[in-house]
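Chemist: Here is what each chain is made of, one letter per residue.
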Amino acid sequence: MSDTKKYLVGIFDDDDVLLHAVKDIRKSGYEITDAYTPFPVHGLEHALGLEPTRIHAAGFIFGATGFTVALSMITFINLFNYPTDFGGKPYWGLLAYVPITFEHTVLFSAIGMTVSFYYLCKLWPGKTPKIIDERTTDHLFALTFELDSTKDANYVNTVSELLKKEGAIEVYQKEV
Amino acid sequence: MASHFESPLREPLINGNKTYKDITRDIVAPTTGKIQPKWAFWTAISAAFAGLFVFCIVWEVIFGIGTWGANKTVGWAWDITNFVWWIGIGHAGTLISAILLLFRQKWRTGVNRAAEAMTIFAVVCAGQFPIFHMGRVWDAFFIFPYPNTRGPLWVNFTSPLLWDVFAISTYFTVSLLFWYTGLVPDFATMRDQSKTPGRWKFYNFLSFGWIGTAKHWERWESLSLILAGLSTPLVLSVHTIVSFDFATSVVPGWHTTIMPPYFVAGAVFSGFAMVLTLMIVARHIMNLQDYITLAHIESMNKIMLLTGTIVGIAYLTELFVAWYSGSIYESYAFANRASGPYWWAYWSMMFCNLVSPQVFWFRKLRRNIAVTFFMSILINIGMWFERFVIIVISLHRDYLPSSWLYYSPTWVEIGIFVGTGGLFMTLFLMFCRFFPAIAIAEVKSILKVSGDQYRQKQLDEVSSMEVYKETTVTKGAWD
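Chains as they are written, first to last, in this note's numbering: chain A, -8 to 167; chain B, 40 to 518.
Note that these hints are calculated values from the structure, not bench results. Cβ atoms here follow ideal geometry from the backbone N, Cα and C, with glycine treated the same way. Among these hints, one or two may not hold up.
Stated by the list, open to error - Have a look at the derived ranges for each label pair, beta carbon to beta carbon:
id	chain 1	residue 1	chain 2	residue 2	range
1	B	LYS60	A	VAL147	27 to 33 Å
2	A	VAL106	B	PHE359	29 to 35 Å
3	A	GLY117	B	SER208	53 to 59 Å
4	B	ASN110	A	THR59	39 to 45 Å
5	B	VAL163	A	VAL8	43 to 49 Å
6	A	ILE52	B	ILE297	36 to 42 Å
7	B	GLN492	A	VAL106	38 to 44 Å
8	A	PHE67	B	TYR363	40 to 46 Å
9	B	TRP443	A	VAL106	51 to 57 Å
10	B	THR356	A	GLY117	50 to 56 Å
11	B	LYS496	A	ARG17	43 to 49 Å
12	A	ASN72	B	TRP443	55 to 61 Å
13	B	VAL360	A	TRP115	51 to 57 Å
14	B	ILE367	A	VAL106	51 to 57 Å
As the list claims (entries may be wrong) - When the alpha-carbon atoms are kept at most 30 Å apart in a straight line, the in silico DSS-like pairs for lysine-lysine are as follows:
id	chain 1	residue 1	chain 2	residue 2
15	A	LYS(-4)	B	LYS403
16	A	LYS156	A	LYS14
17	A	LYS14	B	LYS240
Please model the entire structure based on the sequences and the hints provided.
Modeler: Okay, structure coming up:
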């Protein structure tokens, strides 16, 4: 692959050690590129200083769209396009539209949010992933530091030392 | 990851001193290696029954609805009975994953994956019944509102039958999205455990290339939480809307305001019974006893006791209201249920759903696997009879005594029903073989709170404290 990047990888075998290490390393002023974990580690996103996700806002917007689409479609159909007399009941009966409007709100919100999730994470069926260490979906945790042209051997040495001091069980460099 | 404190006296949810690595190995194990003869045997039997389903459906489509025992008086008959039964079973999965997620019930992680799979397969089975009940099934797409050349003549948005179309298709879609998004990280785990390139490609395709970075997990958790928040009212709405099919009619025995809560409780009740039937077998065959523990079974039995009793109270309330209403039609409908030609169906329902779950008041019985398995079968049968009682008994003696009759199903109806059982089991067995039957990542995330070795460590810490010197907190205090 043409666009490979080089990383310094620190492997941990415990989530509590990892969390502690992330806090200390960031306090020392080194920027962590990413963290790979086999399951969601609570508090890791705060420790890494990631912005809170706004995916729930997408859910609300899609839900509101579904609500509007359902109610306006039914209104258009029952009042203008083909008004039908069902046993003398009103042409427009809001209460009877509650179930379909509700279901549509949920449907739009769920589909919209799920699609946004895969879009934002850039995940799709058949994607070839850049796997740092395949044990990170099993029992180990990884921290990566991107090594671009500005990072010299001194940087690699200090960060490696720091990782080991913080409890990393392995430190190595990898190009993916 | 001790994200929150839980009393060490609580029973552990993962036994056997597991590490993260053990969890991966144990859950991936049943999907690897040679196909077991036992699995192949049961899959073949199930597939044969699924074939029977296809045969009977083809028969019905070719020769028409006249091949069924359903007729003008008992129009809904077995078909809608089976539909409501299956859709009810399809309620436990989303309840476990959504409502128990919102209530932070950690025991859900051991059973949610299989229960959600079961939900989806049950909804697939349920969907067959109303579709083929239409008779001219090639016109089934008429149920969707689309601009057409007939006017355009639209569907009736004020009809509960149309609400059902929307409710069930939404429920199916949302459950599928929720289930699959939960599966994605576990497929990545299976990909990284695979030893052949073919297997790697297969699971990588399913995993969408998941690698588990912190940002992805953050979004994944947020998505799961909100899908759970959406599914919670959704799961309650689906069976509410199914109950509207009955409650908004003017048939004595159907036209009652108690229907929605009573149907929802009944759906949860039957859903948990089916989860238990399947999981008790699956945990033995796949050696997952350390993950689906007695604590899980006991929790589910408690929910069955609660919902079964709610259903029972609803039965008694119905009887009371039928008498108290003073309506002769209403009173007759209920007298006819208990003492008419179908009395056996009514009393089977009463026994299986109201009387039998009361054994779960006893802790010993709640934790007995044989009793639980037997009860789960009994409740499945009882809940089928409930729908039979509501539909067939209410209809077979209508307002016009000249059209009264005794309904019995034909072989085609029986074949379709038994066949959906085969379809359901085929799908479930395939799931057990090719998919991770337990949510690997979620079980790992509760290991440090609910694993037995961590619990024991907590207990030891507590018992070594100065204040507890006088008390003895012994090993295995939760037994």
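Chemist: Tell me, which hint numbers fail for this structure?
Modeler: Of the numbered hints, 2, 3, 11, 12, 15, 17 do not hold.
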